[in-house]
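Colleague: Here is how the chains run, residue by residue.
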Amino acid sequence: MTTLADGEWHRLHPASPLLRGGIFIVAVLGFIITNLRERLVEVFFGVPRYGGDPVDEILARGAVGWALLAVVVVLLLILTVFYLSWRMHTFRVTAEVVEVRSGMLFRSNRRARVDRIQGVNIVRPLIPRLFGAAKLEVSVAGQDANVQLAYLGSSLADQLRRDILRLASGLRQPPPAARDAARDAAPDAALSPPPGYGLAPTAGASYSAATAVADRARDFFAPELDPDAAPPESVVRIPPGRLIGSVILNGFTVFVVLAGIALTVSVVAGVSDWLLVAFIPTLIASVSFYFTRVTKSLRYSIAGTPDGVRVGFGLLTTSNETLPPGRIHAIGVSQPLLWRPSGWWQVRINTAGHSSTKGAAGEANTTILPVGTLADVARVLELILPGFDSEEQQALIERGLNSKGGVDGYTNAPRRAAWLHPFSWRRTGYTVSNGTALLRRGVIARELVLVPLARLQSVAISQGPLTRMLHLASARLHTVAGPVTADLGVVDAVEALVLFDRISSGAISSALSDTSHHWNQPDGVAE
Amino acid sequence: MKSREKCVPDPAERMDLSDVGEWKRVSPRYVVVETAGTIVFGLVLTGAATALWLLADAQWALYAMVAIVVITAATVAFEPRRVRAIGYQLREDDLIFRRGIMFTRFVSVPYGRMQLVDITRGPIARWLGLADLKFVTAAASSGVLIPGLAEADAESLRDRLVELAESRRAGL
Chain A
1 MTTLADGEWH RLHPASPLLR GGIFIVAVLG FIITNLRERL VEVFFGVPRY GGDPVDEILA
61 RGAVGWALLA VVVVLLLILT VFYLSWRMHT FRVTAEVVEV RSGMLFRSNR RARVDRIQGV
121 NIVRPLIPRL FGAAKLEVSV AGQDANVQLA YLGSSLADQL RRDILRLASG LRQPPPAARD
181 AARDAAPDAA LSPPPGYGLA PTAGASYSAA TAVADRARDF FAPELDPDAA PPESVVRIPP
241 GRLIGSVILN GFTVFVVLAG IALTVSVVAG VSDWLLVAFI PTLIASVSFY FTRVTKSLRY
301 SIAGTPDGVR VGFGLLTTSN ETLPPGRIHA IGVSQPLLWR PSGWWQVRIN TAGHSSTKGA
361 AGEANTTILP VGTLADVARV LELILPGFDS EEQQALIERG LNSKGGVDGY TNAPRRAAWL
421 HPFSWRRTGY TVSNGTALLR RGVIARELVL VPLARLQSVA ISQGPLTRML HLASARLHTV
481 AGPVTADLGV VDAVEALVLF DRISSGAISS ALSDTSHHWN QPDGVAE
Chain B
1 MKSREKCVPD PAERMDLSDV GEWKRVSPRY VVVETAGTIV FGLVLTGAAT ALWLLADAQW
61 ALYAMVAIVV ITAATVAFEP RRVRAIGYQL REDDLIFRRG IMFTRFVSVP YGRMQLVDIT
121 RGPIARWLGL ADLKFVTAAA SSGVLIPGLA EADAESLRDR LVELAESRRA GL
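Protein chains in written order, with the UniProt record's numbering: chain A, 1 to 527; chain B, 1 to 172.
The reader is advised that the hints may include incorrect statements.
Just the calculated beta-carbon pair ranges, DEER-fashion [said to hold, decoys possible]:
(1) A:A27 x B:W60: 54 to 64 Å
(2) B:A48 x A:I280: 44 to 54 Å
(3) A:W419 x B:A51: 34 to 44 Å
(4) B:W127 x A:W419: 24 to 34 Å
(5) A:T373 x B:G37: 49 to 59 Å
(6) A:P465 x B:R25: 17 to 27 Å
(7) A:P465 x B:A73: 18 to 28 Å
(8) B:R25 x A:F289: 54 to 64 Å
(9) B:E166 x A:W419: 45 to 55 Å
(10) B:I101 x A:G103: 49 to 59 Å
Don't read these hints as lab results, they were simulated from the structure.
Predicted, not measured: the structure shown is a model, and the values here were computed from it.
Where a beta carbon is used, it is the ideal one built from N, C-alpha and C, also for glycine.
So that you can see chain A by itself, here it is in the shape it has in the complex (with noise of 0.2 Å):
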């Protein structure tokens, strides 16, 4: 094994533009096939045609010589191409950068500081991953700012995205074991491509296709998550019963259990047919609405590894991404009204980087439990959050998801302010914590928003006309974007003066006393 983080350019797989171009490819065969399809036939079931393809063109013309040439120059031409672009596509991970080098005519160089990476996503779409391919993505704060590695070979890509992570721990010496493999392996890794490179996961004459086979099958079924690079006892699992189940309820449900019902109702009175002809296509959709949320979320995991938590799910094509410590701006835990009965919560976060492939449930990358239990919630805040886990601290995530009001470690809202929110006036209330603000709201779709201050923007409080009427305002904490606001509709006039000072000053000391951006870095080594 060595390791392709020692600071010397790198090529990709070889098949790359072949996996990247899988969709090309595909769409001439197709082509080619239409056309010939009427041949096809013939040959393969004896069934007479009718001529007019272009075979019987060429044949006409007595030009296969020229076809026959013609399409050698093409593959050679195709062939040309992937390998170029192959060759000058190359990366380099050395202790301060990741930077990719790409393009023919138009070259591109793409570097990402390594103490500033978001997130290190394997990707492994359904066809690659047959191959024993995978793509690693490394994200960085910014609009369309990640840099992309595909393909690597599947155990290469593990292998790189440890390197990455342990540089960017602020770690700087690789451990001992790679150290020495990357001495053995330097004098070719500069030039050629690494054994192992290839298809092959091995190279060698002690290689054969048996050992392939089994090779792809193993990391086919292997779980995502390598049992030692995480402690079993923190994974959270999701049964497929309670997947389906949290699938199914939501409003998409709902609306269309109502157009069923509005479709029946006309069919029965005769209304008219169009209705049914304008409602197939949306049951359709539907029916591959659910299957795609349900085989996204299938075999979901995440545990906690030393260089961050790692989230993986998928069935077919399955993903694998580790969110450093400190890459977390913003945590949102949420039940929907339809999950009430079950128990379930919902947990989404605001990351600074976006990984440019879905995540969970089909849903943005930023939904890291697709479904859970109380107890798995706080499995996963436990993960998310290290370091939020005392006595006090879980009651106060118990209560702040669960609690109805009242005296409860949260500073609600005044009894005014049912003026503004009928319902959700007791629950609506903020607490403090060991550096994390908790912002409690919402009745009917319950939720608890953590923020770590430390990694919070800008803190606002607002009066206007109304809330001034009732001694009341309004509160926002800014974080990066994503789908969770972390925003307190009602609050007290003289409360939110004082949750405007312990944020702002909360937000001060903890930024000051965080080193999670280093988050392995011996103390006094810091720059």
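Given chain A's structure and the hints, the job is docking chain B onto it.
Modeller: Positioned in the frame of chain A, the structure of chain B alone reads:
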């Protein structure tokens, strides 16, 4: 100054940060910029309403026009108060900013969260020697825009903010 404040009901109820020092105010000339903007906007709307009234013969457009004129006049009348309500302060570790009388808003941004500082000048502001300073963080909603600073003030404030942010850098 005193007499104008009386037109706002019960200023004692107004939310204000208690233990902060003197707010730095923006240039009084900024009133001109705001007023000009409001009048131009009012004129465009009035023109549209007039056109509707005369050309499309829509009676309601006349009432709309009257309403627009009244609202514009009221807005212009309150403009000096609104501009006086804009304030900012450089505290030890954060910038606090306030604006609005009807809709009051206070924002606190720690210096370390600064991503960049923008200075922009509109045509009227430039003629008056004013500039707007925008403090940009990673959160789009922070929205700290200090308008109507004298150009020299804006530039020195920018340099000061960059310097402060540099000494308290927090990454992202």
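Colleague: With reference to the structure, classify each hint as holding or not holding.
Modeller: How the hints compare with the structure:
1. A:A27 x B:W60: 54 to 64 Å: 57 Å, holds
2. B:A48 x A:I280: 44 to 54 Å: 46 Å, holds
3. A:W419 x B:A51: 34 to 44 Å: For W419 of chain A and A51 of chain B the Cβ distance comes to about 42 Å; the hint holds.
4. B:W127 x A:W419: 24 to 34 Å: Given about 47 Å between the Cβ atoms, the range is violated.
5. A:T373 x B:G37: 49 to 59 Å: About 55 Å separates the Cβ atoms of T373 of chain A and G37 of chain B, which means 49 to 59 Å holds.
6. A:P465 x B:R25: 17 to 27 Å: Hint holds: Cβ distance 23 Å, inside 17 to 27 Å.
7. A:P465 x B:A73: 18 to 28 Å: 20 Å, holds
8. B:R25 x A:F289: 54 to 64 Å: Roughly 55 Å apart at Cβ, these two residues keep to the hinted range, so it holds.
9. B:E166 x A:W419: 45 to 55 Å: 47 Å, holds
10. B:I101 x A:G103: 49 to 59 Å: 56 Å, holds
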